[in-house]
Each structure stands twice: as C-alpha cells, then as structure tokens.
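Undergrad: Sequence:
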Amino acid sequence: MLKKVEKQVEGIPVIGFLAKKAQKVILPGLEGLSLYDLLEIYIFGIIQGTFSTRASSIAFSFFMAIFPFLLFILNLIPFVWFIDDFQLKLLAFIDTLLPPQTAFFSDVFADIASTPRGGLLSFAFLLSIFLTSNGINAIFTGFEFSYHTTINRTIIRQYFVAMGVAIIVAVLMLISVIVFVYLTYIIEDLEAIGVFTDNIIWAQIGRYLVFILMVYSITATLYFFGTKEGRNSKFFSIGALFTTLLILLTTFLFAIYIEKFSAYNELYGSIGALLILMLYIWLNSNILLLGFELNATINRLKKKK
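So for the sequence shown, full-length UniProt numbering puts the first residue at 1; every next one is plus one.
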C-alpha cells in the first residue's frame, strides 16, 4: 500500500518535487535511511493508527488520574522530612504547571492536601495507586494500538508495569520539587554574597530548567516502558526530545491563547477551568502519541534495514 501511495505522491507537482528532494536527505544515525522514508511511514502510521481516538482516550483517563496521583504524591511527603513546609512548596510547584485561568483546581488541590490521610497502608493510598495506574495503563494501551506496534503485553503484566511506572513518575516529580527548592536556596545564598543581583530572574530560569528536565524524564520513561518494543529505543530518544519541545511550545502558545483570546470563564463560569484543563491535556496527549509514533517509526525502519 505504501508503494501505491508513493506513486500518487510523486504524481502531484509540488509535493512530488519535495518528495524527491526528501529522498536525497540521509538522516544520521538511521543507517542510511532518508527523510522521505521516515516521513512516509510516520504519516502513514498516524493515519492508520486511529490517532485521534487514542489521544482522546488517553486524555480522559489521564484527567481521571490527576487527583488520585496528587493523593499518591501527598502520601510520599513524609519521606521528604528534610525540607520545611514541603507540602506547600509542592502545591505551589503544581500550580505553576496548570494552564492560566484554572485557579479553581488550586483550591481543589489544597482541599485534598488538607484532608487527613492514613499513610502508606491506608485504603485511600492503595486506591490512589490503583487509579493512578489506570491513567498510566491508558497511555500504554494508546501506545500498543499504534500501527507500528506488533508485540503486546498481557493485560496483567501491562498493569503491573503501569503501576511501577506510576511510582517512578511520582518520584521524578518529588525529585523535581526538591531540586527546585534547593536551587532556590543556592540562588539566595549566591545573591547574599554578591554573585547574583536579581535572584527572581535566576529562580525563574531554574524553574524552567527543572520543568524541562522533568517533562523529558517522564516522557522518556513512558516511551521506554510503554511497550515491549520500547526497550529497543534508547532512553534518550528523538521521540522524547521531540515531545518535550512540542509540549514546551504548546504550553507557551496555549497560555497566550487562554490569557488573550479565550472566553471560557466568561461563558461557563468556574466550569471553564475544567474545559481549559481538559483541552490542555488533550493537546499534550496528541503530542505524546506523536513522539511515540516517531520512535516506533524509527525502530521499524531500522528493522527493515
């Protein structure tokens, strides 16, 4: 079928010319494969792989897992006993990750944090692990329905892998907050001795760096453990880098759109925050699948060689 599509593409004047040029662009690290080979299989995989349906499924499951995930993280806070008021710092960090005009969720998160919890062996904690794992499992299921994925796990094995990855993601987020807090302390100390003149700017830069590293690490973890074939990719992959860059760009542009052009809150009131968050998650779900498809495409091309 790809050959048939290739002939049709070559018959279109401008696109055919660009396709021939792309065939001459050899990509480094892909054993002589051309840019055209990559784009052909990548786009074909997206079209054949029920892309939009998978992204919507991931977005819904991910949204349902947000609050259990927060509860899961809050139960791990006692392990970070060496930072004062760590819970407040964690909530402030999470608040910076939310899109504009979603302050409604900040109050919900604060309410969850103020609710007494029974510790690591409580029913609420075990339920939070189960529900968080459902969100990760939905992402893995979206990966397995890729056109390029041929080897799948059993349902039980996939769920246990999802549970392990959920714990890894929670730990990565905690580490990100810890690094950011200590980075803030270091910047303040350097300002006190005259190395920096404005600690606010450097704190912002530090926050962005921590956010970028966190997004990349979580994305790479999801890609690496998402399918059995994911182990064929390196942890530091092109797909993970591509996804991280797109998430950063989307977050920036989405914030501008919400602040300047949208009227969700004016039209829907407080429920507008729900729509904004759902839209943001859906956009990033599409980006997450795009990066995975890129890795899967590269792996398939290498196998063909």
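Note that these hints are calculated values from the structure, not bench results.
Bear in mind that the values here come from a model prediction, so they are computed numbers and not experimental data.
Just so you know, not all the hints are guaranteed correct.
Label pairs and their calculated CB-CB ranges [stated by the list, open to error]:
id, residue 1, residue 2, range
1, 83, 260, 32 to 40 Å
2, 186, 79, 21 to 29 Å
3, 155, 200, 21 to 29 Å
4, 194, 130, 51 to 59 Å
5, 256, 201, 29 to 37 Å
6, 83, 167, 14 to 22 Å
7, 184, 236, 41 to 49 Å
8, 164, 64, 13 to 21 Å
9, 127, 82, 42 to 50 Å
10, 259, 78, 34 to 42 Å
Even for Gly, the Cβ is constructed at its ideal location relative to N, Cα and C.
Undergrad: Indicate whether the distance between the beta carbons of residue 155 and residue 200 respects the range 21 to 29 Å.
TA: 50 Å Cβ-Cβ, so the 21 to 29 Å window is violated.
Undergrad: Given the range 14 to 22 Å, decide if the beta-carbon distance of residue 83 to residue 167 lies inside it.
TA: holds, 20 Å
Undergrad: Taking 13 to 21 Å as the stated bounds, is the beta-carbon spacing between residue 164 and residue 64 within them?
TA: holds, 20 Å
Undergrad: How does the Cβ-Cβ distance of residue 259 and residue 78 compare with 34 to 42 Å: does it lie in that range?
TA: holds, 37 Å
Undergrad: Can you tell me whether the CB distance of residue 83 to residue 260 sits inside 32 to 40 Å?
TA: holds, 37 Å
Undergrad: Is the hinted range of 41 to 49 Å satisfied by the C-beta distance from residue 184 to residue 236?
TA: violated, 27 Å
Undergrad: Residue 127 and residue 82, beta-carbon distance inside 42 to 50 Å?
TA: violated, 28 Å
Undergrad: Could you say whether the range 51 to 59 Å given as a hint is met by the Cβ separation of residue 194 and residue 130?
TA: holds, 52 Å
Undergrad: Can the suggested window of 29 to 37 Å be confirmed for the beta-carbon pair residue 256 and residue 201?
TA: violated, 21 Å
Undergrad: Is the hinted range of 21 to 29 Å satisfied by the C-beta distance from residue 186 to residue 79?
TA: Holds - the Cβ-Cβ distance for residue 186 and residue 79, about 22 Å, lies within 21 to 29 Å.
Of the numbered hints listed earlier, those contradicted by the structure are 3, 5, 7, 9.
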